[in-house]
Structure formats: C-alpha cells, structure tokens
Amino acid sequence: MAYSTQPIKLIHLIFGSSAFALLLLLTLGTVLVLWLNADIKATLSSSDWSIIRFTVSQAIVSATISVLIAIPTARALFFRNFKGRKFILTIMGAPFILPTIVAILGIIAVWGRSGYISEFISNFNINPLNIYGFTGVVLAHVFFNIPLATRFIVQGWAAIPIEHFRLSAQLGINTSGISQHIERPMLKSVIPGIFLIIFLLCISSFAVALALGGGPKATTIELAIYQSLRFDFNFAKAAQLGIIQFSLCAILGIMTVLFSKPVQFSSGLDIKIERWDRTHFRYLLFDIFILTFVCLFLFLPLLSIFIRGIIPIFSLPNTVWIAAFNSILVAIVSSIISIGMAISMSGLIVRVSHKFPITSQTIEIVSFLTLAASPFIIGTGLFILIFPYISPFTIALPITALVNAAMALPFALRMILPAMARAEKNYGKLADSLGMTKFSRFRIAIWPRLRRPVGFSAGLAAALSMGDLGVITLFAPVDVATLPLIMYRLMSSYQISAASGVALLLVSLSILLFWVFDRGGQLEHNIR
Amino acid sequence: MSITLDNIKLSHGAFNLTANLKIESAKKIAIIGPSGGGKSTLLSTISGFKSPDQGKVFINGNDVTLTSPSERPVALLFQDHNLFPHLSVKKNVSLGINTSLNLTETELDIVNKALSRVGLKNYDNKMPFELSGGEQQRVALARCLLRKKPVLCLDEPFAALGPAMKKEMLSLVKEIVESTNATLLMVTHQPEDALHISDETILVSGGIANIPENTSELFSDPPPELIKYLGA
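Top to bottom, those sequences are chains B and V. Take the position in the first sequence, starting the count at 1, then add 301; the result is the number in this note's numbering. Take the position in the second sequence, starting the count at 1, then add 163; the result is the number in this note's numbering.
Source of the hints: derived by calculation from the structure; they are not laboratory data. Virtual Cβ for every residue (Gly too), placed ideally from N, Cα, C. There's no promise every hint is true.
Pairs of lysine-lysine, DSSO-like flavour, derived with a Cα cap of 27 Å [said to hold, decoys possible]:
(1) V/Lys391 with V/Lys185
(2) B/Lys489 with V/Lys253
(3) V/Lys213 with B/Lys387
For each label pair, taking beta carbons as the anchor points, the in silico distance ranges come out as [to be verified]:
(4) B/Ile463 with V/Asp226: 53 to 61 Å
(5) V/Gly296 with B/Ile315: 24 to 32 Å
(6) V/His175 with B/Asn424: 50 to 58 Å
(7) B/Phe594 with V/Asp362: 32 to 40 Å
(8) V/Ala323 with B/Phe594: 43 to 51 Å
(9) V/Gly296 with B/Ala322: 23 to 31 Å
(10) V/Gly296 with B/Ile463: 36 to 44 Å
(11) B/Arg723 with V/Ser295: 30 to 38 Å
(12) B/Leu329 with V/Gly282: 31 to 39 Å
(13) B/Val357 with V/Phe178: 22 to 30 Å
(14) B/Phe590 with V/Lys311: 37 to 45 Å
Given the sequences, and given the hints that come with them, work out the whole structure.
Okay, structure coming up:
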C-alpha cells in the first residue's frame, strides 16, 4: 500500500493514542468502575429477574415484529415503481436524526389514551387504548426499527444480480419458486444480522423505557439503573445491574459481528428491477396494502408533531430557550470532540496499517466497544466514578457532550477513515514529492478529501447528541436541562401542548444543525 | 426457427434502437458493434425482457411481442450469474426441466447426460463456487440444452474466459446448435469469434440493427461503421 510508506510522526502518535486512550477510558474504564463497585456476590432478587425478563422479552418481540413487517415492505418498495418511492426510501434512512422523545410524543398522539385512534374508536363505545407498559414499549421500538430493517432488506434485494430475476423469468419459475430460490436465501443471510442489531438497540433504548415503561411490570435494566442512581443512591445495585446490561450487550454485540454480513450502503437503490411473475392483481393489492399501512404507521406520528406543535412553538417559556441553547452547545461540542477523535485515530491507523484489513477491524472493535458499553452504561460508570469527588450535577452538560461524542465515534470513523486512507494513497506521495510538510500537507493534500465525510459525520454526531435523552437524565439537576429533557419533564407533568411545541423546535433544530454541518462540508470544493 | 423484427423501435432515455430484419431458421448469427450501441437490447427484445415501443417480434411466424420470457422459444445465456449460488450443479441444471426440483429417475438421467455432454460428468454434486468461470458457463449451457429451446441467445457469455477456453466453448456451442438445428444469436466484441462460429453477422451501431450479412464477406469488405469500430 502506498500510504504504508508514511512515517509515524510524534504528532500522530500523541493525538491518535490520546483519542484511543480516551475511548478505552470511557468504555472499558467505566465498565471496570462498575465491576469494582458492584455487589457481585449478591444474588438477584425476583424483581431483578423480572426486570431482566422484561428487557429481553420486549426486545425479542419488538425485533420479531419489526422484521416480519419489514420483509413484505422491502419487497414492495424494491419491486414497485411509483411516485414517492424515492421519498419513502430517503425517509427510511432518516430516523437516525429524529430525536427519540419526539417520536414517542408523536406515537402517543396517535396511539395514546386521548390519541387519534382512541378518539376514533370511542365512537363505537370501545375503551381507549393503553399505550404504557409492554405494548407501548414494543410499539415504539417497532416504529423505530421498521425503517432500519426495511433498508437492510432492500439492500439485500439490491445485491442480487439482475440475471437471477431474468433467469427465473426464462425458466418460468413462479412466485413461490422465486421466493424459494431467490428471496429465502437472501433473507437467510441478512435477517440474523438485522434481528440481532434491532435486539441490541431495543435492549439499550433508555428513552423509550423511561417515557412508556416503568412500574413493576415494565422496567428495563437501564431504567432500573436510573432509579437506583437517582432515587435510591444505591450505587452497588446500579453497578450490578450495569454489569448485567453490559454482559447482555457484549454477548449480542459479539453475535452481531459474527452473524451479520457487511452490507454495502453505497449503491443500488435507484435501479429498478422488473419482475415478470408478480403481475397478478392480488400481489399488487397486497403491496399497496402493506405500503399504505407502513407509511401511515410511520408518517402519522411525525405529522402529528407538526400539527400539534406549530401553535405552541410561538409561546414557549424562557426556560425552553435556555435549554435550546444548552442543547445546541452540547451538540456542537460533542460533534467537535467526536470528529477530532475520529481524525486523530484515522491518522494513526492509516500509518500503522501496512495491510488494509486492519482499518476495518479497528472500526469493528470500536463499534463493538461503544455498542457493548452503551452511552448509558458509560454514564453510570462516570457517575459512580466522580461522585466521591465532585457533584455529578455540576458537570451534567460537559459529561453529556463527551459521552455523546463517544456514541457517534463509530459512525464518524466509518466515514472518515476510508476517506483518509484513500487521500493518503492517492495524494500522499505527491504531497511528499512536492515537499509539503506538517500542517500545510494536511491542509492542502488531505483535508479537501475529508471535508465531505467530516461534514456529514459532524452533522450526524450533532443531531444524535441533540436528540439524546440518556446520560443527561442521570446527571442533570432540576434547574438544568436540554431540549429532550425539558420535553420529557413537560410530558410527565401532562403539559402536552407545550411539549409538542418543544418537540417541533427540537426536531427543527436537529435537522438544521445536521444540514448546516453537512452543507459546510460541501461548500467551495468541487472534487469528485 | 426464423425470427422477424418488424419495424421495431425502442427508446430508453437518450438511447434508441431501430430494427427491421429477418433471421432465417437454423442460422448462426453474430451480433457485433460498439458498446452501448444496442446489442444487448436487441437480445433482450427477442427474449422478451424488453418490450418495444413500436413494431412486432415474430418467431416462427407467430407474434410473440406480448409473450412473457418463459413462454418464448428462446434460451438466453448471460455473461455472469447464470447459476444460483446456493444450488448444486445438478439442481441448477434440473431447473431446466422442473422449477420445483422434484425430478424423477428418468429426468435425473437426462440431467446427467446433459452434464456429460458439456464435459462435466460427475460434477453434479459440486457447488457453483467450486467451479471455474468456464465450468460455470458449461453448467448453464447444459441447462440450455435440456430446455430444448429452438433459439439460443448468448450475451457475451465467454467474454471473461481465456482465449483457449473460449475457443473450446465456442466449438461446443457450435456442435450443440448444429446437432439440434437451433437458431443461434451471439453478442461478441471479437471479429475472430464471429468468424469462428457464425454464418451471418448483424452490425449494431448508432441505434440501428442492420440486416444480417454473410460474416466472411462482411469482414473482408467492411462498411465504414465497422471499420471505425474495428479500428483497422
């Protein structure tokens, strides 16, 4: 490899290894703190077991339902050509930057006790729906994960060579034959990975459990940790539960790495594949039905945010604007830390790797570390670590920014590292031969190639941090808040109108922040 | 079987193809011309994967313009991905007889005979990934043999093979086509392939499929478009 000739200089070593050290401290370090504080010998009570059972069972049910709905949705989206198809596919990629708590408010607006559906069925003397507990948690998880699963499966379809469809058409293979020879083998290879990823996400989605779960029957491990830390100050219990959560995530993380095949997200969504078998009217009806159902399911809650928020957004109290300022600050700082770490680590990895595979392995390990030690676990560890020295409440915002930066790191690394490797490979030698050194070498030869992925990942990191409702709940004192937290507080005190206004503000700011960073990466450069 | 393309017009974005020609029964036809000129589109039109905006396709005198690919008397071999990767050689070939893969003893016997015919005796339980590129194309060819379709279309199926292997495959195709009296259409970039196997050649360039001409005469006295393509 061309870039293996690059010497490792002191600056790469200092920045790169500090970034790695910080990451290790945040992930493995905090887990170690939990381990040292946990009452390992204490046996688990029956309520502990019921918490674990709830956590696992809701995740299994959520992942199963998401995948089962995603299979026909992906099929219809991939094979049917209609106006709005591209729009739906784009939206399916976007839930990433939608703040969890905003989506939950939208779901409540549709499915809640006084939501659209309950109102409608009350005309027929049917009792209103109850969204809290198992059903609500599963419903929210299905909402979040249908788009993810659908996108993965559509990618699976796109990876099938077009010749296989033509071959089937030639041989006269019918629809069940196509499902046997093409669809099932594809699903067999993509579903395990999707299922495990969704399982993992559902186990560690604190905000959903916080807003829709709770009580003896619907508490997840993370919610129980939160209660032990904030209400009981029982650190040993929190640490013990933290270790359980970490082990669960680690097992699932390892399984995900083992069973999931790398999916290429680069190409294929625009091509239209014709199928010569699904021409019968009943298939068309079915596809229309499933797409309408999924679109209503996904878009109604989002639409309700807009409808319910558009008036209250103009009369928000001052505390909300202060929270908005906090959120933006945290998001920007978090994004800068995340990008700084990603660039430092990439600079070192590109120089250390004499063979290409090491780069992808590094990303996998980093992703694994942050997946297994979820932001919430990191937060718990930090809380216990600093409590003896300073009040965790005084540094709520910096800690939130730092942990969110670690959360966004795998995504940033996945985009920046390959770009840097390519830049070094294509232009590193040229820069060296021209005698460029130090910062001017980076500025002139490498940075222009990084701007685009850096802009995109900075936007993503900022949006993720903007919408986060995890670590902040552990650390924030009553008089400090970010937008998601103030939204949650308004929701818990049933000020739904004000919460809707905040929701609209939050989602607008998230999109704006993402857009500004992403645009920034694309300005005044016309590289291909 | 004869093939008639009656005033075919087909457009796809900026791309256009017109064809108005007749191919005699049991002829071996090469289709040659620059990339993007419409060679594959011509084959897709005959095999039913693309329907023309205008005009009609006749095979053996029957109008097949609206007939689905599986009901046309045409077998098409692609450049790549002719085999399902999760099915064994035997099963891939069996699809040519019965797509549900429930074969009787006699039918299995036919599959084995087809495999021996293409020089792959005892390969039946191998998986596609265990085979070389040439062997994979032989398996696909064995399946075409079973299907007994009177028109065989080859869309550059041997482009990725080395010269010796390609020559061997072309000879095999020639032998099979002649013994079954089938009509052959083969897309190629190489004049020597056309000369090796075909009676007549269709030059496709600038969105027009020309009428078939005697291959050796065409190459000994090439028209301007062909000279430009060959670079001679």
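Do the hints match the structure? See the list:
Between V/Lys391 and V/Lys185, the direct Cα distance comes to roughly 25 Å. Compliance with the 27 Å bound is thereby established for this hinted pair. A hinted pair counts as satisfied when its Cα atoms are at most 27 Å apart, and B/Lys489 with V/Lys253 qualifies at roughly 22 Å. Taking the CA atoms of V/Lys213 and B/Lys387, the gap is near 23 Å; set against the 27 Å cutoff, the hint holds. At roughly 27 Å, the beta-carbon separation of B/Ile463 and V/Asp226 lies outside the given 53 to 61 Å, and the hint is violated.
Take V/Gly296 and B/Ile315: their Cβ atoms lie about 50 Å apart, and the range 24 to 32 Å is violated. Roughly 52 Å separates the CB atoms of V/His175 and B/Asn424, a value that falls within the hinted 50 to 58 Å. Checked against the hint of 32 to 40 Å, the C-beta distance between B/Phe594 and V/Asp362 comes to roughly 57 Å, which is inconsistent with it. One distance hint, 43 to 51 Å for the beta-carbon pair V/Ala323 and B/Phe594, holds here, with the actual separation near 45 Å.
Taking the beta carbon of each, V/Gly296 and B/Ala322 are about 49 Å apart, not inside 23 to 31 Å as hinted. Roughly 19 Å separates the CB atoms of V/Gly296 and B/Ile463, a value that falls outside the hinted 36 to 44 Å. The hinted range of 30 to 38 Å is satisfied by B/Arg723 and V/Ser295, whose Cβ atoms lie roughly 33 Å apart. Separated by about 59 Å at the C-beta atoms, B/Leu329 and V/Gly282 break the suggested range of 31 to 39 Å.
A C-beta distance of roughly 55 Å is found between B/Val357 and V/Phe178, which places it outside the suggested range of 22 to 30 Å. Between B/Phe590 and V/Lys311 the CB atoms are about 41 Å apart, so this pair conforms to the stated range of 37 to 45 Å.
Of the numbered hints listed earlier, those contradicted by the structure are 4, 5, 7, 9, 10, 12, 13.
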